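Protein chains: 2
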Amino acid sequence: MNETTTSVSSSGPTDRRRQRGERTRNTILSSAVDLGSREGLESLTIGRLASDIEISKSGLFAHFGSKEELQLATVDAAREVFLREVVYPSSQVDEGLPRLRALLEAWISYFRRDVFPGGCFFQAASLEFDGRPGPVRQRVAEIMGDWLNLLTQLVEAAGVGAAPASQLAFEINAIGLATNWQHQLLGDDQTFQQATNAFDRLIGSSR
Amino acid sequence: MNETTTSVSSSGPTDRRRQRGERTRNTILSSAVDLGSREGLESLTIGRLASDIEISKSGLFAHFGSKEELQLATVDAAREVFLREVVYPSSQVDEGLPRLRALLEAWISYFRRDVFPGGCFFQAASLEFDGRPGPVRQRVAEIMGDWLNLLTQLVEAAGVGAAPASQLAFEINAIGLATNWQHQLLGDDQTFQQATNAFDRLIGSSR
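Respectively, the protein sequence lines represent chains D and L. Its first residue numbered 1, the first sequence is counted upward by one per residue in the working numbering. Its first residue numbered 1, the second sequence is counted upward by one per residue in the working numbering.
Here chain D stands alone, though its shape is the one from the complex (with noise of 0.2 Å):
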């Protein structure tokens, strides 16, 4: 979102070309983001993109070589999504146990706001990714390994300690990956306060 407001003091014909171009971008990874947390990323097609939202097939081309370009450029404007709706909220709360569960309010916040349509991007990508080798998967294990540090060096801070830091925060993945599972496949939305439970006997019972 930063990217299209950084040259709005100069308006030539060129920065204007370029602010389109932008636009253009954001709108097709817009699109690539919510296909492929409903249909997975094998399903982003250039055509079928193109044919999703009406631009030509060259036109999607000027931005993205390949599928695989395209497919990594999509995994990254899902992280962005992510950060924004999760971890960015929660550090500006103060450290420690605050911030953490400020941290998991806003996780089951975006899985009960459907944040994506198809649900939790990036719990879908891993398992389709995990046994195709390649950039794809590889940017998206980076993304997730990430993610369970962030956990860890969250919960450390916390210090909610009885387990190590890293045994917590593998419980407390599971739980999200259960919540965005159950919530999707079998729409019982039980799931939310299930989710809440165990991370108040997470949290609490480690003190």
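Bear in mind the hints are in silico, worked out from the structure with no lab data behind them. On a predicted model such as this, the values are computed, not experimentally measured, just so you know. One or more of the hints may lead you astray.
Label pairs and their computed distance ranges (CB to CB) [claimed, not checked]:
no.	chain 1	residue 1	chain 2	residue 2	range
1	L	G134	D	D114	31 to 39 Å
2	L	G187	D	S31	52 to 60 Å
3	D	Q92	L	K57	53 to 61 Å
Some chain D residues flagged as far from chain L (calculated, every beta-carbon gap over 12 Å) [unchecked claim]:
no.	residue
4	R16
5	R20
6	N26
7	I46
8	A77
9	E85
10	L97
11	E128
12	R132
13	R137
14	W181
15	A198
Each residue gets a CB set at the ideal place from its N, CA and C atoms; glycine is no exception.
For chain D, the structure is supplied; the task is to place chain L on it using the hints.
Chain L in isolation, oriented as in the chain D frame:
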């Protein structure tokens, strides 16, 4: 597996033909389950599978009239594998806590041994189909609902119940999802120990 031995005593030409047909069907489904776990059920086209196992497309059509019929039969074949590997062995063990423990040990072993070469068939199918309404999604959701019910019953019978059994079943299932996710995506095998720790604490702390 059982159906191939039911009529082993009679061996007229019709029976032999039927047995051969069943063997072919089992071969097809075994390949379909493997491919489905690695690359997803949407990758299961009649053409792709026919080429993988070197059978004619028309030979494959004789067994499965459509992609959807093949997908449904594949889901049921995968269910048989899961029951055989995880559920049936524990049903031989004493009711109550021993049976619950046996099930969870068999489940971790199933993840560790990569019983499905691409990781847990059902977690992958759940995430792939949660956004694709239709009979395949419905069948996967039914099987997963049955699984959660089984966990809930076993937790109840084990009498490990400070929290409601459905809450504990939710958390136990969450640990399994995370174990598969972490092993498949991050190649992180300390997850098996983390799962054991989590199960011990869940079953222990709620006694």
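* Asked: Honestly, which of those hints from before does the structure not fit?
  -> 1, 2, 11, 12, 13, 14 and 15
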